[in-house]
Amino acid sequence: MTQINNSLKKRKKDLTFWQRIYIPEIIKGLSLTMKNMLRPKFTMEYPEEKFIPPASYRGRPVLVMERSGDERCVACGLCSRVCPALAIEVQAAETEREKERYPEKFEINMLRCIFCGLCEEVCPEEAIVMSKDYELAFTNRDDAIYGKDKLLVPVDQLQDRIEFLRKYK
Amino acid sequence: MSILEIVIITIIKILFILTAMLLTVSYSVYFERKISAWAQNRLGPNRVGWQGILQPFADVFKLLLKEDIVPERANKYVHAIAPMIALFVAFTTYAVIPIGPDINVFGYEIQLVVADINMGILYVLALTSLGVYAITFAGWSSGSKYSLLGGIRSSAQMISYEISMGFSIGGVLLLAESLRPIDIVNSQAGWMWNAFIQPIGFITFVVSAFAETNRLPFDLPEAEPELVGGFHTEYSSMKFAAFFLAEYANMIIASALIVTLYLGGWHVPYIETLSLPAWLITVIQITSFFVKMGALLFFFIWIRWSIPRFRYDQLMNLGWKVMFPLSLINIVWVAALIMIFKI
Chain Y
1 MTQINNSLKK RKKDLTFWQR IYIPEIIKGL SLTMKNMLRP KFTMEYPEEK
51 FIPPASYRGR PVLVMERSGD ERCVACGLCS RVCPALAIEV QAAETEREKE
101 RYPEKFEINM LRCIFCGLCE EVCPEEAIVM SKDYELAFTN RDDAIYGKDK
151 LLVPVDQLQD RIEFLRKYK
Chain U
170 MSILEIVIIT IIKILFILTA MLLTVSYSVY FERKISAWAQ NRLGPNRVGW
220 QGILQPFADV FKLLLKEDIV PERANKYVHA IAPMIALFVA FTTYAVIPIG
270 PDINVFGYEI QLVVADINMG ILYVLALTSL GVYAITFAGW SSGSKYSLLG
320 GIRSSAQMIS YEISMGFSIG GVLLLAESLR PIDIVNSQAG WMWNAFIQPI
370 GFITFVVSAF AETNRLPFDL PEAEPELVGG FHTEYSSMKF AAFFLAEYAN
420 MIIASALIVT LYLGGWHVPY IETLSLPAWL ITVIQITSFF VKMGALLFFF
470 IWIRWSIPRF RYDQLMNLGW KVMFPLSLIN IVWVAALIMI FKI
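Respectively, the protein sequence lines represent chains Y and U.
The numbers in my numbering rise by one with no breaks, and the one at position 65 of the first sequence is 65.
The numbers in my numbering rise by one with no breaks, and the one at position 38 of the second sequence is 207.
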């Protein structure tokens, strides 16, 4: 008990006379808030003004579509194997093209996806990457399962992320 | 003037004051949100109407549509009466506060105050102390521990601040030699504002006003982080809105009272020397009253977003060991001034 009293006494002694009067300190606080009121605002008015994320941003995972219109994916199934949330389902099929395999069915359940980016990290072909798309809203559960139609994105739109991956992966 | 004329004029005055009050209340809520946003480098409400100007109406509409929940263990009658008392006190107090000098409309000499009673300040003090019943009743009747704590804190806080408030008004009354608000305002013509003559009383009164209206830094009865809203935890819908309204109405009354008692009411210094037409002077004086009030309202909000809440023991210390002696010193100071200068 005496110890507590001593520490309190010491704290009181530390204050100068003007701090003890308290009113100058209030004025200091008020001037600080006033300064902040006049500063520019940080708010981004969302629907009108959209946030454009940097290349390091992990948005919705997408499949890379080559300029020829084919997917880069060879349906090795590594992404579906590594996915911790079991969100990816791949079904492989054969093709006449040089790389011989392609995904017949590629589905990502966006309700399960946790945006960890492991699929992108494990992919040997740079075929699945995280995009900058963050506006994901569905009105029912079936809409949340993205098939190849929604997942394929032209490679030109993903250049940013692919360069980032080559630099830091 | 016949009785009928007096009644009609009074009703018009009441209607005017009521609408003005309700509008100011809703817009002080709006500005509270705006200023809090600005102080935190945000924009604040800006979706409903131009710059969110219709936000208060949207808020009220939302509250009207909410379900009115009364807790099972509440005392239902007291629970319902408490917000009524809060509103009643908040709105009746304004009756005695004058907003301008006498004016002449269509041959009628009209005083710009609803009720010109000769002990107006006493009336205000009596009613504002009634306001504590609303909070205590609300806290007690809700049947919830947080509400009860809020109510008890509120009554303790009122007792410790009403005294210094009363004593600081004492200084004003000594100078004005009257309890009539109009006489008090007229005693401060020119630069004789009480805020300059008795700065200590001014500060103690402003601080007590903050405590009386339960505004931060003295909002212990509400104290969101500790008491989840305090006395109005168990209130919803319009009953909650009534408390909300009453809080802001109290804020407006407190600032009107500060203007009347310490900032010269409607008086503008040296306006008579400008040789303006009489009607323009009256208009300027009435506007000056509202400008002073608005500035004080801004000050209330500004303080709220600058200063953290006091701890309970600090509050009691401040009330009894600092404010009370200071208000006594103020009375002695004013008495000495009167004795020396024979004002």
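By construction, these hints were calculated from the structure, which means they are not laboratory data.
Nothing here was measured: the structure is a model prediction, and the numbers come from that model.
Take the hints with a grain of salt, since some may be wrong.
[Unchecked claim] Calculated pairs, DMTMM-like style, for lysine to aspartate or glutamate (alpha carbon to alpha carbon, straight line, at most 20 Å): (1) Y:Lys50 <-> Y:Glu107; (2) Y:Lys35 <-> U:Glu201; (3) Y:Lys50 <-> Y:Glu125; (4) Y:Lys41 <-> U:Glu201; (5) Y:Lys150 <-> Y:Glu100; (6) U:Lys490 <-> U:Asp285.
Evaluated hints:
| no. | hint | in the structure |
| --- | --- | --- |
| 1 | Y:Lys50 <-> Y:Glu107 | 28 Å, violated |
| 2 | Y:Lys35 <-> U:Glu201 | 17 Å, holds |
| 3 | Y:Lys50 <-> Y:Glu125 | 31 Å, violated |
| 4 | Y:Lys41 <-> U:Glu201 | 17 Å, holds |
| 5 | Y:Lys150 <-> Y:Glu100 | 23 Å, violated |
| 6 | U:Lys490 <-> U:Asp285 | 36 Å, violated |
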